[in-house]
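**Student:** Could you put together the complete structure from these sequences and hints?
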Amino acid sequence: MYRYVVTRLLLAIPTLVGAAALVFILMRLIPGDVCVIRMGSGGAHVNEAAVEACRMKLGLHDPLPLQFGRFLWNYFTFDFGTSMWSGNPVVVEIGKRLPVSLQIAVMATLIAILLAIPLGTISALKENTWLDHIVRVLAIAGIATPSFWLGIMSLVLVLDVTYYTTGKAWMPPIDYVSFWSDPLRNLSIVALPAITVGYRYSAVTMRLTRSAMLEVLREDYIRTARAKGLIEKIIINRHALKNALLPVVTLIGIEFAFLIGGLVVTEQVFNLNGIGRLFVQAVQNQDNVLTQALVMLVVAIFVITNLVVDVLYAWLDPRIRYS
Amino acid sequence: MKPKTGLWAAAGLAMMAMLAVAPASAQAPKRGGTLVYMIPADAPPSFDGHRETTFATVHATAPFYSVLIRVPPDNPASTTEFVCDLCVEMPKPTDGGKTYTFKIRTDVKFHDGSKLTAKDVGDSWNRIVFPPAGTTSARVSYYEMVEKIEVPDDETVVFRLKYGTTAFLPALADPFTYIYKKEILDKDPHWYEKNIMGSGPFKFASYDVGQSIKGVRNPDYYHKGQPYLDGFEAIFADKQSVRVEAVRGDRAAMEFRGLPPSARDQLVKEAGSAVVVQDSDWNCGNIVTFNHKRKPFDDVRVRRALQLAVDQWHGAPALSKIANVRTVGGIVFPGSPLAATKAELEQMAGYWPDIEKARAEARRLLKEAGQENLKFELTNRNVDQPYKFVGTWLIGEWKKIGVNVEQKVVPTGPWFQAMRGGTFDVVVDANCQSVVNPVLDTGKFLPKKVYPESYGDYDDPKSVELYEKMTHETDPKLQRAAMRAYEIHTLDTMAHGIVTPYWYRIIVARSYVKGWKISPSHYLNQDLANIWLDK
Chain A
1 MYRYVVTRLL LAIPTLVGAA ALVFILMRLI PGDVCVIRMG SGGAHVNEAA VEACRMKLGL
61 HDPLPLQFGR FLWNYFTFDF GTSMWSGNPV VVEIGKRLPV SLQIAVMATL IAILLAIPLG
121 TISALKENTW LDHIVRVLAI AGIATPSFWL GIMSLVLVLD VTYYTTGKAW MPPIDYVSFW
181 SDPLRNLSIV ALPAITVGYR YSAVTMRLTR SAMLEVLRED YIRTARAKGL IEKIIINRHA
241 LKNALLPVVT LIGIEFAFLI GGLVVTEQVF NLNGIGRLFV QAVQNQDNVL TQALVMLVVA
301 IFVITNLVVD VLYAWLDPRI RYS
Chain B
324 MKPKTGLWAA AGLAMMAMLA VAPASAQAPK RGGTLVYMIP ADAPPSFDGH RETTFATVHA
384 TAPFYSVLIR VPPDNPASTT EFVCDLCVEM PKPTDGGKTY TFKIRTDVKF HDGSKLTAKD
444 VGDSWNRIVF PPAGTTSARV SYYEMVEKIE VPDDETVVFR LKYGTTAFLP ALADPFTYIY
504 KKEILDKDPH WYEKNIMGSG PFKFASYDVG QSIKGVRNPD YYHKGQPYLD GFEAIFADKQ
564 SVRVEAVRGD RAAMEFRGLP PSARDQLVKE AGSAVVVQDS DWNCGNIVTF NHKRKPFDDV
624 RVRRALQLAV DQWHGAPALS KIANVRTVGG IVFPGSPLAA TKAELEQMAG YWPDIEKARA
684 EARRLLKEAG QENLKFELTN RNVDQPYKFV GTWLIGEWKK IGVNVEQKVV PTGPWFQAMR
744 GGTFDVVVDA NCQSVVNPVL DTGKFLPKKV YPESYGDYDD PKSVELYEKM THETDPKLQR
804 AAMRAYEIHT LDTMAHGIVT PYWYRIIVAR SYVKGWKISP SHYLNQDLAN IWLDK
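So the sequences go chain by chain: A and B.
Following the numbering used here from start to finish, the first sequence increments by one per residue and tops out at 323.
Following the numbering used here from start to finish, the second sequence increments by one per residue and tops out at 858.
Where hints are given, some of them may not hold.
[Said to hold, decoys possible] Stretch by stretch, here's where chain B covers chain A in the computed footprint (C-beta under 8 Å, at least three residues):
#, region
1, 84 to 93
2, 148 to 159
3, 163 to 176
4, 265 to 277
Simulated from the structure, these hints should not be mistaken for laboratory data.
Built from N, CA and C at the ideal position, the CB exists for glycine as well.
**Tutor:** Here it is as structure tokens:
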């Protein structure tokens with residue numbers, strides 16, 4: 001297993017280099033640059049000398065192969081660079097935002113697991129009953145509703161409900177505080193986004209759990225277990241669910257990795273200063289250094305999550321062995 | 324009897340309303356409280372006002388700094404009045420309008436307790452006007468008239484100009500021209516990019532990157548009695564729905580940039596008397612620029628036809644219901660004494676009062692130019708308010724003379740690149756300024772070789788000549804006439820561009836916010852010193 005993990009980590013290097021090359025090229029295909037945006041996006045006079053000085057300082061005039069080589073070398077030496085927009089180290093920019101996104105991702109994942117696996121299982125066990133129909137409607141509604149829309153609607157609902165019940169519209173705070181400095185305030189800020197994201201996430205997972213369970217429940221070994229006279233609880237928990245969870249774990253892993261950098265609109269709707277919002281800012285500002293770092297971070301998270309999922313496979317299915 | 328009763332009732336109501344209003348307007352400012360407001364941006368690139376151009380920097384940092392002069396905080400709508408901040412009194416120019424001597428207050432302290440002197444003022448201004456190697460000043464071009472800045476003693480700063488011009492004082496009142504401590508800049512000219520230490524009404528408390536910035540009251544502030552607030556917290560939120568809901572839910576009292584009419588209507592409907600609205604013409608506008616290097620836009624008949632097709636007088640009121648634009652104007656901000664009157668505007672192409680006559684002339688010109696089936700691409704910026712609204716409106720107007728236009732909406736970077744690289748047919752450009760300074764603000768209409776951000780890429784020595792004449796004229800009447808000549812040449816004779824209706828600034832604030840008055844620019848009047856909370 002140890003050897004397998006090391007091999008997988010080593011194989012991640014070409015993946016990261018490939019992603020680096022791709023994002024490097026794509027960012028430079030966008031017309032314009034950070035200096036022009038910075039000096040003129042307000043619509044006021046653009047000082048050409050200042051723009052040129054900015055370009056020189058940021059090395060934008062350097063040949064592209066040199067810029068790419070420098071970028072790769074810096075990454076190998078763990079120097080992730082400085083944001084072209086703010087001048088702050090990329091590590092600082094990301095470090096400020098990562099806890100927010102991580103917290104939402106973890107909470108949404110927990111909500112999704114707690115909702116999806118029991119409901120998906122019940123739905124499969126009670127196939128074509130009213131309970132199954134309700135769960136399926138919930139799941140389809142979750143998939144069909146964009147989480148940002150749900151976010152806006154939930155905010156409006158909170159405002160309206162508090163206005164009509166107390167006479168004063170209330171909404172959760174919009175300036176993030178960490179869980180460790182003020183847990184109650186933190187939870188009141190992140191609860192709504194976590195629920196709205198978690199609901200969509202659970203909908204997808206719920207449907208997969210249901211279909212995987214249905215497939216497993218029709219397997220011969222389940223029939224055999226029942227024929228042996230095993231009690232239903234053990235059949236479901238030990239034999240059916242554990243096997244049905246293999247594709248579900250993969251999905252949860254992919255979704256979790258996606259949530260770290262993909263909550264662009266949700267973070268904007270709830271004014272959360274997370275990685276998704278930073279991503280959009282970086283691309284809009286044509287901050288190549290920060291965009292590259294964010295892409296590399298997301299790629300690294302995907303690689304690690306996939307590895308964790310693969311390791312979990314072995315635990316869930318003892319037939320799987322890594323060497 | 325009935326009508327009489329109604330009359331008395333109306334009179335009574337009017338009296339009650341007057342009584343209700345009168346004490347409110349005479350209310351003495353209350354001390355204390357923290358103003359929470361939103362900044363509709365992600366975060367400023369840096370804190371250095373000398374270097375940055377975005378309002379995000381001013382909205383986040385202006386409360387920490389002093390400036391030499393400014394627009395009057397109690398009457399920021401004035402386009403001609405300037406008052407001292409750090410100086411003792413506004414100087415009368417000498418030497419034929421070429422020398423301005425400012426006496427500096429002696430009671431000003433930086434937030435670190437050290438005394439602010441004329442040396443600090445002179446040094447900051449020298450860095451703004453003549454930036455040393457390795458530093459950036461975004462507004463150098465505003466001060467081309469300045470020959471040198473001298474500091475003869477600790478209480479005096481002298482600006483010597485190359486020529487007398489009315490553009491100087493408004494340029495000097497620019498809100499980004501923070502006064503920094505010389506000693507700090509001497510040690511590290513980049514210190515103010517990441518640090519804050521001024522002499523303004525508030526002291527820096529904390530900054531959470533991309534989240535919020537906080538300030539606390541400066542007890543040593545030199546404008547006695549101010550500021551009224553104990554502190555402020557500015558929260559960065561680029562999403563409009565967040566800002567609107569935050570004001571509705573009283574998580575924030577206001578934002579200072581401006582909301583579109585739909586957001587104003589929503590807030591007024593939902594929050595009722597808990598919010599108040601202030602609005603003003605905005606010293607910003609969209610300009611339609613033709614690429615003179617691309618056919619057929621090198622032909623003045625085509626440009627003029629496109630200008631004549633646009634019904635500004637009927638379009639502006641209709642657009643103002645959905646977009647933050649309102650007032651029809653020429654090249655000068657409508658509130659300025661140098662701006663054209665309605666009668667003067669109506670003499671120029673694009674402003675004719677009879678739109679049918681104008682469109683008939685437009686069709687004739689297109690036919691004459693062999694462009695009856697004209698098709699082109701309109702490049703626009705991917706910003707809703709008001710760019711996309713204005714672009715869509717223009718396309719509809721041009722369709723009425725048989726011109727088919729496709730709108731290409733691109734993000735800010737590619738939009739700039741298209742304009743700077745000349746890779747567009749026609750573009751919706753913007754001209755957004757802070758202090759109303761008609762002489763500088765109208766530079767946008769000069770040829771590119773004189774003014775690099777004039778993206779039409781035309782050569783027009785006559786316009787340069789007219790502009791120079793207007794710039795050097797200091798007599799108000801003669802300058803106004805010179806401005807008219809320059810405007811007529813630019814918009815009517817040469818049809819270099821189309822000035823679309825000026826933007827309209829709408830500020831919705833919680834009704835407990837008092838003391839703040841709207842100005843024609845979202846860059847101005849942001850030090851928060853005169854704001855107080857009635858709660």
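**Student:** With reference to the structure, classify each hint as holding or not holding.
**Tutor:** Status of each hint after checking the structure:
1. 84 to 93: holds (count 6)
2. 148 to 159: Result for this restraint: holds, n = 4.
3. 163 to 176: With 9 residues close enough to chain B, the hint holds.
4. 265 to 277: holds (count 6)
Every hint, counting from the list given before, is met by this structure.
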